[in-house]
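Participant: Numbering that gives the first Met the number 0 numbers the first residue of the sequence shown as 0 and each following residue consecutively.
Everything labelled a hint here was simulated from the structure, so no lab data went into it. Watch out, some of these pointers could steer you wrong.
Below 25 Å or equal to it, Euclidean Cα-Cα: the simulated DMTMM-like pairs (lysine to aspartate or glutamate) are [to be verified]:
hint, residue 1, residue 2
1, Lys407, Glu283
2, Lys482, Glu436
3, Lys135, Glu283
Each pair of labels, with its calculated beta carbon distance range [claimed, not checked]:
hint, residue 1, residue 2, range
4, Asn375, Ile481, 23 to 33 Å
5, Lys65, Ile127, 50 to 60 Å
6, Glu69, Lys110, 40 to 50 Å
7, Ile372, Asn95, 48 to 58 Å
This structure is a prediction, so every number in the text was calculated from the model and none was measured. Virtual Cβ for every residue (Gly too), placed ideally from N, Cα, C.
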Amino acid sequence: MKTTKKTVLVLDCGTQSVRASIIDSDGNILKIIKSKYGEPYFSINPGWCEQYPDYYLDKIFECTKKLRSEEPELMDNVSAMTITCFRDSAALLDENFNVVRPTILWLDQRKARLDEKLSFIQKAAFFIVGMSDTIKYNRQRTAAHWIKENEPENWKKIKYYVPLTTYFNLKLTGEFKESSSNCTGHYPLNYRKGKWYGNRALKGSIFGIKKSQLPPLIKPGRVLGFITPEIAEATGIKCGLPLMASGSDKSCESLGNGCLDLDELSISYGTACTIEVTSKKYHEPETFLPGYIACYQGAYNLDVQVYRGYWMLTWFAKEFAPEAIDEAAIEHMSVEEIMNKKLLEIKPGSEGLITQPYWGPGLKRPLAKGSVIGFNDYHTKYHLYRSIIEGIAFELRNGYDSIRKRTKKKPSYVVISGGGAASDAICQITADIFGVEARKVQTTETSSLGAAMSLFIAIGEYKTPREAKEHMIRYVKKYTPIKENVEEYNKLYKNVYKKIYPRLSKVYRYLSNYTAK
Numbered sequence: 000m001k002t003t004k005k006t007v008l009v010l011d012c013g014t015q016s017v018r019a020s021i022i023d024s025d026g027n028i029l030k031i032i033k034s035k036y037g038e039p040y041f042s043i044n045p046g047w048c049e050q051y052p053d054y055y056l057d058k059i060f061e062c063t064k065k066l067r068s069e070e071p072e073l074m075d076n077v078s079a080m081t082i083t084c085f086r087d088s089a090a091l092l093d094e095n096f097n098v099v100r101p102t103i104l105w106l107d108q109r110k111a112r113l114d115e116k117l118s119f120i121q122k123a124a125f126f127i128v129g130m131s132d133t134i135k136y137n138r139q140r141t142a143a144h145w146i147k148e149n150e151p152e153n154w155k156k157i158k159y160y161v162p163l164t165t166y167f168n169l170k171l172t173g174e175f176k177e178s179s180s181n182c183t184g185h186y187p188l189n190y191r192k193g194k195w196y197g198n199r200a201l202k203g204s205i206f207g208i209k210k211s212q213l214p215p216l217i218k219p220g221r222v223l224g225f226i227t228p229e230i231a232e233a234t235g236i237k238c239g240l241p242l243m244a245s246g247s248d249k250s251c252e253s254l255g256n257g258c259l260d261l262d263e264l265s266i267s268y269g270t271a272c273t274i275e276v277t278s279k280k281y282h283e284p285e286t287f288l289p290g291y292i293a294c295y296q297g298a299y300n301l302d303v304q305v306y307r308g309y310w311m312l313t314w315f316a317k318e319f320a321p322e323a324i325d326e327a328a329i330e331h332m333s334v335e336e337i338m339n340k341k342l343l344e345i346k347p348g349s350e351g352l353i354t355q356p357y358w359g360p361g362l363k364r365p366l367a368k369g370s371v372i373g374f375n376d377y378h379t380k381y382h383l384y385r386s387i388i389e390g391i392a393f394e395l396r397n398g399y400d401s402i403r404k405r406t407k408k409k410p411s412y413v414v415i416s417g418g419g420a421a422s423d424a425i426c427q428i429t430a431d432i433f434g435v436e437a438r439k440v441q442t443t444e445t446s447s448l449g450a451a452m453s454l455f456i457a458i459g460e461y462k463t464p465r466e467a468k469e470h471m472i473r474y475v476k477k478y479t480p481i482k483e484n485v486e487e488y489n490k491l492y493k494n495v496y497k498k499i500y501p502r503l504s505k506v507y508r509y510l511s512n513y514t515a516k
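My request is simple: use the sequences and hints to build the entire structure.
Facilitator: Here it is as structure tokens:
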């Protein structure tokens, strides 16, 4: 294939698959190779999710070699490359940069005992600002603490505690560096400044990771390194190609959705669901939840996440609709596509069945549990299915309310990406719940598209993110909110959904202690 446009290579490492894409400066994906994981993770114990970093690297190499064999001319002509990856999953390396143990993925549910105690001053400071539970939950969910307590011999070997992409960068270029936009998660990063906290810093010390264990940081858009001759031979990527810093998958998705300002909402309906806006000024979307560094310089992503987001739809099908799984196999469709056919048969509001989707509690409400209220004898499993979808959208709206309090900006529209964006019904539900127009861009590969946009900004093809958006993004479908549906959802959101957590918070606390026994 020939093209007169500049092109870049994007490696996109997701929770379920790896994609290698060649994308031009008009936002066209000229060629994409996907490799789905046979086993996204393995579980030694219930709730554990682990995978070896080299498993992902092997999949990346598989994709790039296939790109080389199918499109050698395109591979020869790319101007630069980048890697974007899922968040909050560390590679654990020894002094020789060898992997000590598998990565504990962001999906993992284990918690540390917290044998390493906070000082009196730390406890007092967090208590005063009402963040004791949040800090405790954050520390429990930091893999470093769990490894220290349960695998002390491994912890002694771990010289470097780094994002997965740092390991990929090292293998591809021989350089040990990381983008400050790729350190989203349980890392001691001062997001406002884009620098690691010192070991004694109040916020940084809660993670139990020493500054010496972390990689040197560079800004998005800077060069991480160049493809080595050995890697060129092994992968089909041309020797000397610059590997440039971009950002995490969600940050790239926001850019790929064309959401550059506070009134442009980016929603990702994936395994985890997020709502994100982009700000030129640093804000915390919720107390103690940082604004993350965007995949291009001069911006921050304000992000609220539903951790077990559209994972819940897979869970629902497995537990309540096995016939949909069988039908999907026969029709060569996803289970969600089969289930989504039933969505329009159920009225907005699921006839009073309301789901609060805390199957995986968030940072602001670490003790919360999932709940469903309003059951009646006329409700079916399809009511519950729609209620879960509505509940996730309600919770994202709830998260956006927190962001809006800080930014004082009303939404103009929402752009939807991820697996849920494939369903017109889900997009319409989202437009109705938020009360603004919903949009979709020209591709489902918005993370890869956003990473490509960050590259074209970095190499000077476009001077600004907005110029890149003008050339590379096309909104191909729009969903206008339906007035009567908006009114129904507003009533349910204000009079029911917003009141569930305050009424049940003490019950959730008891249940959290009960299930911890």
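Participant: Give a verdict on every hint.
Facilitator: Here is what the structure says about each hint:
no.	hint	result
1	Lys407 <-> Glu283	holds, 13 Å
2	Lys482 <-> Glu436	holds, 12 Å
3	Lys135 <-> Glu283	holds, 19 Å
4	Asn375 <-> Ile481: 23 to 33 Å	holds, 24 Å
5	Lys65 <-> Ile127: 50 to 60 Å	holds, 56 Å
6	Glu69 <-> Lys110: 40 to 50 Å	holds, 45 Å
7	Ile372 <-> Asn95: 48 to 58 Å	holds, 55 Å
Violated hints are absent here; each numbered hint is respected by the structure.
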